[in-house]
Amino acid sequence: MSILEYNGAAMIAMAGKNCVGIAADRRLGMQAQTVSTNFQKVFPMGDKLYVGLAGLASDVQTLHQLLEYRLSLYELNEERKMSPQVFSTLLSNVLYSKRFGPYFIEPIVAGLDKDNKPVLSGSDLIGASVSTDDFVVSGTCTGNLFGMCETLYKPDMDPDQLFETLAQALLASVDRDALSGWGGVVHIITPTGVMTKELKGRQD
Amino acid sequence: YEHRFSPYDFNGGTTIAISGPDFAIVAADTRLSSGYEILSRDVSKLHEVTSKCVLGSAGCKTDVDQLRSVLDIKGKVYQHNHRKPMSTPSVAQMLSNTLYQRRMFPYYAFNVMGGVDEEGKGAVYSYDAVGSFERTPYSATGSGQAYMIPLLDNVIGHKNRLDEKKELGVEELVEIVKDGFVTAGERDIYTGDSVEIKVITKDGIQTQRFNLKAD
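Protein chains in written order, with the working numbering: chain B, 1 to 204; chain R, 1001 to 1215.
If we strip away everything but chain B, and leave its shape as in the complex, we get:
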């Protein structure tokens, strides 16, 4: 039994033309037993910055609070908004600071920078991060998610196409994973605002 697989999760962040999307499932389980079907795993950290936290649910909630605290402190001290790249580095540093007793989280970050260009990054539980221009995935079914994203992704999608791609990739992947699913949520971030939609999939 792996601690990162105790609660179950599936999430994707993907880039489009001047937009980014981030999607996650809604299940919270304790191994085989499902405990909640509307557990939040994706959090807004700014009007154009979202973070997805996959892994141990306790750490999901604790890290969310910690990141909000660090972000607020930054914005008060610096008197400016935190950019997605800086947030991603902050997250990496927070995770590495617990190198020998880590948070059991493998996060993904999606946002638009000051020029409204997509910023995507993912990291492991001790802060090793990667930055990509297409997509990042995390959770208990990353094989499934990688396969779907690699096949369905094309560059420069508009917000509606991006939504469809994220929805299909997530739903098909979680349906072959016992630990994730029970619905989904997709956020599409554009220069003018964020569009959020709930997904209805197999409820098992």
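Bear in mind the hints are in silico, worked out from the structure with no lab data behind them. Be a bit skeptical, because a hint or two may be false.
Said to hold, decoys possible - List time: in silico PhoX-like cross-link candidates among lysine-lysine, alpha-carbon distance up to 20 Å:
# : chain 1 : residue 1 : chain 2 : residue 2
1 : R       : K1159     : B       : K200
2 : R       : K1178     : B       : K154
3 : B       : K17       : B       : K200
4 : B       : K117      : B       : K154
5 : R       : K1166     : R       : K1121
Claimed, not checked - A few chain B residues that face chain R, going by a derived Cβ cut-off under 8 Å, partial list only:
# : residue
6 : P155
7 : P159
8 : S173
Glycine is no exception: its CB is placed at the ideal position from the N, C-alpha and C atoms.
Following the hints, put chain R in place on chain B, whose structure we already have.
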């Protein structure tokens, strides 16, 4: 502490099979690996058991080779006794029985079988290493299985889709198989080099090849 001798080695690779109304497609990559090394870029994972039935196997090459030999011999004995080749559902059952005979020291082979049944309809059977099997519309097995199966669920099974389902023809399905292997080749280190695709109809078996990245 000392590493115990393991009788198994994992030689990698991915196999896939899809059935249609009057055909079946079986495909597999041609890479043979061991650990991080590539032993060969051109070794077939597909085996024609009868003129109407193809077995695709990934796993431990030596067990796969032995399994094929055993199936060939049993097939020949059947043909000798019954004066006709084995039908696809019979081959499917025979493979299951052969695998279960080695229940306590299994063949390390992950199998998919594709062919046409007695009525001429496409048939695909998926197996585990000890012989549990089921007839399914499509299947994938091997190291790249996780990358391919959700794609097949979405495109062939039409799952989680609201648009109208259309019947896919052979050429369209072959293109989907190629897309699947390109994806698996990108993300799975054991899958790559090239793909061998066999299309089985009541008239016989056609083979085609498709190149993948060699990295």
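A quick look at each hint next to the structure:
1. Taking the CA atoms of K1159 of chain R and K200 of chain B, the gap is about 12 Å. The hint holds against a cut of 20 Å.
2. Using a Cα cut-off of 20 Å, the hinted pair K1178 of chain R and K154 of chain B holds, with the two alpha carbons roughly 17 Å apart.
3. Simply put, K17 of chain B and K200 of chain B have alpha-carbon atoms about 26 Å apart, too far for the 20 Å limit, and the pair is violated.
4. The straight-line distance between the Cα atoms of K117 of chain B and K154 of chain B is roughly 16 Å, inside the 20 Å bound, and the hint therefore holds.
5. A threshold of 20 Å between alpha carbons decides the hint, and for K1166 of chain R with K1121 of chain R the separation of about 18 Å falls inside it, so the pair holds.
6. Against a cut-off of 8 Å between C-beta atoms, the interface hint on P155 of chain B is violated, since the closest Cβ of chain R lies about 15 Å away.
7. The interface hint given for P159 of chain B is broken, as the beta carbon of that residue sits about 18 Å from the closest beta carbon of chain R, more than 8 Å.
8. At its closest, the beta carbon of S173 of chain B sits 5 Å from a beta carbon of chain R; the interface hint therefore holds under the 8 Å criterion.
When the structure is compared with the earlier hints, violations turn up for hints 3, 6, 7 and for no others.
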